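Assemble the whole structure, with the sequences as input and the hints as a guide.
Protein chains: 2
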Amino acid sequence: MKFTVNRVSFLKQLNTVNVAIGPKSPTPAFLNFKLEMNDDGLTVLGSDNEITIKNFLPVSKDDKTFIENYTEGSTLISAKYLLEIVRRLDGEKVTIEVIDDVIVQISDNKAHFQLNSMRSEEYPDLDLAVSGEKVVLSDAEFKKIVSQTTFAASTRDVRPILTAVNFKAGSGLAEFVATDSYRLSKKTSHISNSNTFEVNIPVKALNEVSKLLENDQITLHIAGNKVVFEFGGTMFYSRLINGDFPKTSRMIPSNYPYVLKVNANAFVNAMQRVSLLAVERERIVKLSLDEAGVEISSKSEQIGSANEKVELFEYEGGRLDISFNVDYVTDAIKAAQSEDVILSFAGEMNAFRVTSPEDESIIQIVTPVRSYY
Amino acid sequence: MKFTVNRVSFLKQLNTVNVAIGPKSPTPAFLNFKLEMNDDGLTVLGSDNEITIKNFLPVSKDDKTFIENYTEGSTLISAKYLLEIVRRLDGEKVTIEVIDDVIVQISDNKAHFQLNSMRSEEYPDLDLAVSGEKVVLSDAEFKKIVSQTTFAASTRDVRPILTAVNFKAGSGLAEFVATDSYRLSKKTSHISNSNTFEVNIPVKALNEVSKLLENDQITLHIAGNKVVFEFGGTMFYSRLINGDFPKTSRMIPSNYPYVLKVNANAFVNAMQRVSLLAVERERIVKLSLDEAGVEISSKSEQIGSANEKVELFEYEGGRLDISFNVDYVTDAIKAAQSEDVILSFAGEMNAFRVTSPEDESIIQIVTPVRSYY
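If you read the sequences in order, they're chains A and B.
All residue numbers for the first sequence refer to my numbering, where the first residue is 1 and numbers rise by one.
All residue numbers for the second sequence refer to my numbering, where the first residue is 1 and numbers rise by one.
Simulated from the structure, these hints should not be mistaken for lab results.
Fair warning: this is a prediction, and the values are worked out from it, not measured in the lab.
Treat the hints with care, as some may be off.
Since copy identity is lost for identical chains, a pair holds within one copy or between any two.
Said to hold, decoys possible - Lysine-lysine pairs mimicking PhoX-like chemistry, simulated, CA-CA at most 25 Å apart: (1) K134 with K334; (2) K110 with K299; (3) K93 with K12; (4) K309 with K2; (5) K93 with K2; (6) K211 with K80; (7) K61 with K226; (8) K24 with K299; (9) K168 with K226; (10) K12 with K309; (11) K2 with K226; (12) K134 with K211; (13) K299 with K2; (14) K309 with K93; (15) K24 with K134.
Rendered as structure tokens:
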């Protein structure tokens, strides 16, 4: 195998695929890129056995040549070293050549590297078949779904199902739900696929795909226990998480007698200020609602107390005191992505809702904590 | 005590003094700012008992009023919380008021904080007298001295004297030397003080002062076991390090038969590239010198090998192979702060010198390592 490739295009390919490669692996082959050169172009593949990424660079496209002087073949090269070398080289082009079966030469005609390598046959067999339900989304819609839901998932592995976003499709509607059992985020989207199915997609995969996606539409292929995200020249494979996602509808109250509309930024800043002294108490603040005025306060025996009147509000409902974790409410308000937000309360010890007046597709639920003062 | 202060000026004062305050202290009072308001202005003081910083903000200066509505007095307030509160407040002005002896109120008329505080009498007595030898330097010269020497000091506490920069003055010349015993940096400066004295200033103090210094000249006051840096409205006190600084002159060869002149950037980039594979061997590369060509190479049994010819060089001397730590030589070349650098070698196992063709005031010495291939 030999080829000379445009360095910037190759570096982008390696950076994309490197997302799948971990710093350590019980299978040494997984610390390598698998490079495969044929008459169509160069395929780079990487995996940690949970996520697999395959990226394809054509020999040429639209009159632009990316790869020259190639002979077909394949090899495994240390991801860490190949990426660092290609990043640091100065030249416009890089030449990769398998010298014998276990040495690869990398050069830009100025600096020369010889890396110990492995035969591509030593790479584990991976299931790279693509089939099943197809869902096509614009890059903007996909990124919005990810940014509005994944933060609410659990970051702990105690209940693996809560580290996924539940994706439920039916009659052309898709519902994406994430919860860590203390808060919940639900996003609704229209999709072209009208079949009924339900899967749990790992948050990690969604976040990584969202970061890699740029100005491409994206196709999700969902089958068995696997999802494949197809975008640009990239195929991103992730396992799904098995198990039943909790029935979240009963977390959501149906009736909200207390409704507060506030400017999102002003409210978040006031909460953040007041919570400065609330470090010890797990960043809990108290919101005191009354049609005459709305106040946020916090108190700590050791440090002191803080309070601030909320400006720019509309409130309907009786007097209500409710305490909550500032970060949960801040996340929920930011996910609403609107200038004003509506906080709807059912009572002091009931979950409450954060919504946008402009966008009904996104609903956030937060559970309060007991107030001690 | 009560005062209303311009928030941005007060925040700058707190940020400056906070440099002296550690995250923990066996003396709880040292976790506080000491605030002292009198008719001249507001003094903020902080200390960790090794470094003490005092900053003064006048009531007004050049027709600009910084402080209003004040009554004299003093108090101790938690550095961590006061700094965070003043940073996050929105208002242009902040009012600080001691409510009773142990509660301070902080407010911008929108958000209100009540912090538990301590009486200023509970602050330890510190020696804040200023006397001794005076050395005045421009901010540019001081920053240059610091950036060209401190990196070469030891970062380990095994030999505390090596965590200092040795400052030797005599006949109007000052010599600043730092060494970790593997490399050495020596900077010479002309100073107005013609007395003879020698002290060891902790690198930490020099680096922090250099970061705080902006467009002011700086005066060093050196007496006993203490140095005081005076600049802007700030007095920065540091202990000196006792003990004899090693005699470094015998580390420096007197005769260099091999002399290489190279472009600093090109040489550093080539070294960094070639050393990519040298991680295991403590970032050692080999430099092969010959009048026909200069090459940098590295080799690792497990990973592979690398080599690159150096461009843009002038070399005088016979054939020489010498191996060294890439980071030491990179630091030395960067400290020379010039487009070209001169590397002068005495032999394969002798310390070598890095100098600038334009600036004789700075000399770097690096010891080589034995070459294994």
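Task: Structure versus earlier hints - violations, ascending order - done: 1, 7, 10, 11, 15
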